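Q: Here is what each chain is made of, one letter per residue.
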Amino acid sequence: MSTNRGFTLVEVLVALALMVTLGGAILSLVVCGQSIARTQPEAADLQQRARVAIQAIRQDLALAGAGLDRGPLAGALSQFFPAMTPSIDGGLTIWYVAGRDAQAALAAPAGPGATEVALASAGVCPTSEQACAFRASTSAILFTAAGCHAVVRIDRADLSALQLHGPLTGCAFAAGSAVAQGEVRTFRVDPMAHQLIRRDEATGLSLPVLDGVDSMQVEYFAAASADAAPVDPSLDPLRIHRARITLRLSVPNTAPAAPVLVVSFDVAPRNLQGG
Amino acid sequence: MALLTVLSATALLMGLGVSLLLLSAGEATLAARDRDATSAAYAAHAAATIGVAELRALPSWSGVVAAGVYPELSSTPSRLLDSTLTPLAPWGARLDLRALTARVQAESDSAGSPGDPPAWRLFAYAPLSRLVPRAAPDNPLYLLIWVADDTADGDGDPSADKNGILVVHAEAAGPDDLRSIVESSVLRRPAAGGPDMFRVLSIRPNP
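Keeping their order, the protein sequence lines are chains U and V. Last residue of the first sequence: number 274 in numbering that gives the first Met the number 0, and the count goes up by one each step with no gaps. Last residue of the second sequence: number 206 in numbering that gives the first Met the number 0, and the count goes up by one each step with no gaps.
Hints in this document: simulated from the structure, not taken from any laboratory. Note that the coordinates shown come from a computational prediction; the quantities given were computed from them, not determined experimentally. Built from N, CA and C at the ideal position, the CB exists for glycine as well. Heads up, a few of these hints could be off.
Stated by the list, open to error - Rough simulated footprint, nothing fancy, chain V against chain U, three-plus residues with beta-carbon under 8 angstroms:
1. 37–50
2. 59–72
3. 86–99
4. 165–177
Taking the hints into account, I'd like the entire structure generated from these sequences.
A: As structure tokens, then:
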């Protein structure tokens, strides 16, 4: 007698139900896993780009306000003029003297239109070569004790004079005014290109720092305390000690549902803290 | 058929899981490096602050830039000193502080700055845990502070300060050649009828 009797209807139905349940569960796991696998690299990329943005901004802003290391105008630039200010296009502009060597005083007055500035008392240079520490194709900051300030591009450094790329504008700088190799940089976001931009104010050249940055907001604080309220930087710009920068990052060239990351961080440049 | 479905789904999920695991591991490494670099930057600022405070506390700077027992050491060091010049770093490596001083000196010399060439003297050296014991497990950093005479001093002698300006080079060193630097210029001037005037002229991270 044959024992190969087949399955009953109930057995088939139960097996089918089990298969459907198991298949559904596996399918939902696969779909979920695929979705995570798709978005996780984007989320990781956002995190990494946020770190790069914070690092790039912090590194430059940490130098904000660094001034002369010797002479009558030695000390933080914020004694004389605001070294961390909002730019007209919504960014953040910082001023700093870049190093200890290329620092001098003007030997003769230099007014608007001047394309050459004569140097005196550079400190580290021989008296016949006061411009020895300055280099061509770099930027220089000029300022006075009264707060008049400008940034220029150096075309050539002669023995004791600097040839400027363009004429001086704005202030008339008296003999004794400070001149030092330095940088004036603006961080801003280009809303059309969704890029964080660093602009060199001496040349006007913009360097893209990071893609996928939608916006940048900057709040200014006059006190070092973390719970202080933001202030209007135009009211008393010399008292600005700290900036809070909020960046909104997204994944470039993806659907609107792609992840978005908003990061906020404080920068308190040491040179602006007094002392 | 069911077995095949389950096996292929399991293989697919395993593939996805492994790729996510690798991604997470990479992300964790990047985050850890970023955290370490940030910690080192803050520690270097702390070292610079300590160096400046120690200089301020000294009654005179006459011996600070003069050579001590070894030419790499300051003859008037800070109070923040380790017990040896070859200490065991918090991350397990043996540090040679005289060799590290030679490295700072070589970097300074290679910059080719005009003026009096500086001679860097080791002024303070200790693990971060000496200052912040609770920070030690997550921040295995070692702090080093060197001082040198200002290059614009003009006396041609790197072992003597003439113009009252010194340069402080503060470093936080960590595992895997982690290194963060802050340089400061400080000024000291005698004031008539009172304590000396003291000013921090500039602070430059990663000069």
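Q: With reference to the structure, classify each hint as holding or not holding.
A: Evaluation of the provided hints:
no.	hint	in the structure
1	37–50	holds (count 6)
2	59–72	holds (count 7)
3	86–99	holds (count 3)
4	165–177	violated (count 0)
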